[in-house]
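Protein sequence lines, in the order shown, are assigned to chains A and B. In terms of the working numbering, the first sequence has 28 at position 28, counting the first letter as 1, and numbering is strictly consecutive. In terms of the working numbering, the second sequence has 66 at position 66, counting the first letter as 1, and numbering is strictly consecutive.
Hint data in this document are derived by calculation from the structure and do not stem from the laboratory. Quantities reported herein were computed from a predicted structural model and do not represent experimental measurements. Think of the CB as a built atom: it goes at the ideal place given N, C-alpha and C, for glycine as much as any other residue. Mixed in with the good hints there might be a few duds.
[Unchecked claim] Part of the chain B face toward chain A, derived, beta carbon under 8 angstroms:
id	residue
1	Trp29
2	Glu32
3	Thr88
4	Ala187
5	Arg188
6	Leu190
7	Asp191
8	Leu216
9	His219
10	Gly233
11	Leu234
12	Asp241
13	Ala245
14	Gln248
15	Met249
16	Ala252
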Amino acid sequence: MLPMIRVSGLHKSFVMHAQGDLALPVLANVALSVHPGECLALVGPSGAGKSTLLRSLYGNYRPQSGSIQVRHREDWVELVAAEPRVVLDVRRHTMGFVSQFLRVIPRVGAVDVVAEPMVRLGASLEEARRKAEFLLGLLGIPERLWQLPPATFSGGEQQRVNIARSLIADYPILLLDEPTASLDQANRDGVIDLIRQRRDSGTAIVGIFHDTAVRDAIATRTHNVALPSASPGATA
Amino acid sequence: MSGPLLSARNVTKRFGSRVACRGVSFDLWPGEVLGVVGESGSGKTTLLNCLAGRMTPDDGSVTYETASAGVVDVHRLSEARRRLLARTEWGFVNQDAREGLRMGVSAGANIGERLMAIGARHYGNIRQTASDWLERVEIEADRLDDRPATYSGGMRQRLQIARNLVSEPRLVFMDEPTGGLDVSVQARLLDLLRGLVDRFHLSAVLVTHDLGVARLLTHRLMVMQGGEVVEEGLTDQVLDDPQHAYTQMLVASILPV
Chain A
1 MLPMIRVSGL
11 HKSFVMHAQG
21 DLALPVLANV
31 ALSVHPGECL
41 ALVGPSGAGK
51 STLLRSLYGN
61 YRPQSGSIQV
71 RHREDWVELV
81 AAEPRVVLDV
91 RRHTMGFVSQ
101 FLRVIPRVGA
111 VDVVAEPMVR
121 LGASLEEARR
131 KAEFLLGLLG
141 IPERLWQLPP
151 ATFSGGEQQR
161 VNIARSLIAD
171 YPILLLDEPT
181 ASLDQANRDG
191 VIDLIRQRRD
201 SGTAIVGIFH
211 DTAVRDAIAT
221 RTHNVALPSA
231 SPGATA
Chain B
1 MSGPLLSARN
11 VTKRFGSRVA
21 CRGVSFDLWP
31 GEVLGVVGES
41 GSGKTTLLNC
51 LAGRMTPDDG
61 SVTYETASAG
71 VVDVHRLSEA
81 RRRLLARTEW
91 GFVNQDAREG
101 LRMGVSAGAN
111 IGERLMAIGA
121 RHYGNIRQTA
131 SDWLERVEIE
141 ADRLDDRPAT
151 YSGGMRQRLQ
161 IARNLVSEPR
171 LVFMDEPTGG
181 LDVSVQARLL
191 DLLRGLVDRF
201 HLSAVLVTHD
211 LGVARLLTHR
221 LMVMQGGEVV
231 EEGLTDQVLD
241 DPQHAYTQML
251 VASILPV
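Pulled out of the complex, with its shape left as it was, chain A reads as follows (with noise of 0.2 angstroms):
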């Protein structure tokens, strides 16, 4: 079977110019595949750089070498150094992301917030609607809740919206960024379950799970990240 990721030679290192062109290395000739139904969990301590290879892949951090490669459409897409449009279109169709924070828009409702990523890809309002309503229910978000803008929600409500914007377009990759950070017990089971779920039907997932219970439950492989062994300093 083919992966769905495939990664070599990565390097991303950060060049702050306001501490005189400081650079931090950060990803150094990373490689790994992820394939369908796998869930890879990112391992190392914080400050590893597991958000910054997580977000590489995203397409959101611009890593200055190497290789990240997506099934897309039934093709290989190169997303270092790719043009805004083909990370766009990769986003749309086949790559979702949880982060542990909500990015809130003023004035759309939590239910509109999660429905869009499924009317862009086509669908009905209506037709996204109703799927954002199961899905707000599932992850336990009150009714009363649906229509409100969630800039007021608590941040255990706002990271369930944020997960079931992730779901509702049935991205063949997954992202994960600490889905169950500010989740109590029971809702943590129920978003576990739901990525369970997503993983056993095929998709591939990458994530950092700091709970090592959460990890257990979801991973099927971990993926040690480390900072590179030279010392960083500051360079011309």
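Take the given structure of chain A and dock chain B to it, following the hints.
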């Protein structure tokens, strides 16, 4: 897939010995919203005016793929054809709504004028469409016969947007569309613009100095400093992983709320 809608190549404009913008090149694809960000005096508005044919660049070219007549060089068109293009296939939203509206005629006439420019003749239909658009931009239909001079700043800006979008343009140029408005009025306008961009699959070039506005409305960004593009990319790439010293400074200067 067809080609880009708008292509700029090496667009350069000087005022006397001062360079306002230099060597700007990009392709805008259908459905894309391109943001141009930078501080005052970075050349954003000059670039926008050159793209929209309102100013003639000293060097470089701007080409546009028309709906039916193939690709045209914006600056080689006759003045009459360029005006026709501006009234039919394009929209231009000014920062100051008073410059984009006719202040002496009613709101309905401001919207209807664009419809008549594309051939609408039936008065009843024009009035109905104008009224529908007022509602779409959240202005009560009973303000249809009032002149924009009696509108608040936020209402005027929404009217200007209705006037521009009523003819269903393929490409919209926007110069600081939320500049000078109260924050709550801004949020409403942003939400409205965002909905309209999605719903009508608009392609747009949006000039703003507000990175929050750029985050919400644009797909791609070009960062300008001293008349030149110093960085470009997907909007979230540029804002979350800025590479150029100037972009890093801009992003670091945002006040957290």
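Consistency of the hints with the structure:
1. Trp29: It holds, given that the least Cβ distance between tryptophan 29 of chain B and chain A is near 5 angstroms, below 8 angstroms.
2. Glu32: With a minimum Cβ separation of about 7 angstroms from chain A (threshold 8 angstroms), the hint on glutamate 32 of chain B holds.
3. Thr88: 26 angstroms, violated
4. Ala187: 4 angstroms, holds
5. Arg188: 7 angstroms, holds
6. Leu190: Leucine 190 of chain B check passes; min Cβ-Cβ to chain A is 7 angstroms, inside 8 angstroms.
7. Asp191: Check passed: Cβ of aspartate 191 of chain B comes within 4 angstroms of chain A, closer than 8 angstroms.
8. Leu216: 7 angstroms, holds
9. His219: 6 angstroms, holds
10. Gly233: 6 angstroms, holds
11. Leu234: 4 angstroms, holds
12. Asp241: With a minimum Cβ separation of about 4 angstroms from chain A (threshold 8 angstroms), the hint on aspartate 241 of chain B holds.
13. Ala245: Given a least distance of 3 angstroms, the restraint on alanine 245 of chain B holds.
14. Gln248: Status holds, d = 5 angstroms.
15. Met249: 7 angstroms, holds
16. Ala252: Result: holds, 7 angstroms to nearest chain A Cβ.
The structure fails to meet hint 3 from the earlier list, while all remaining hints are met.
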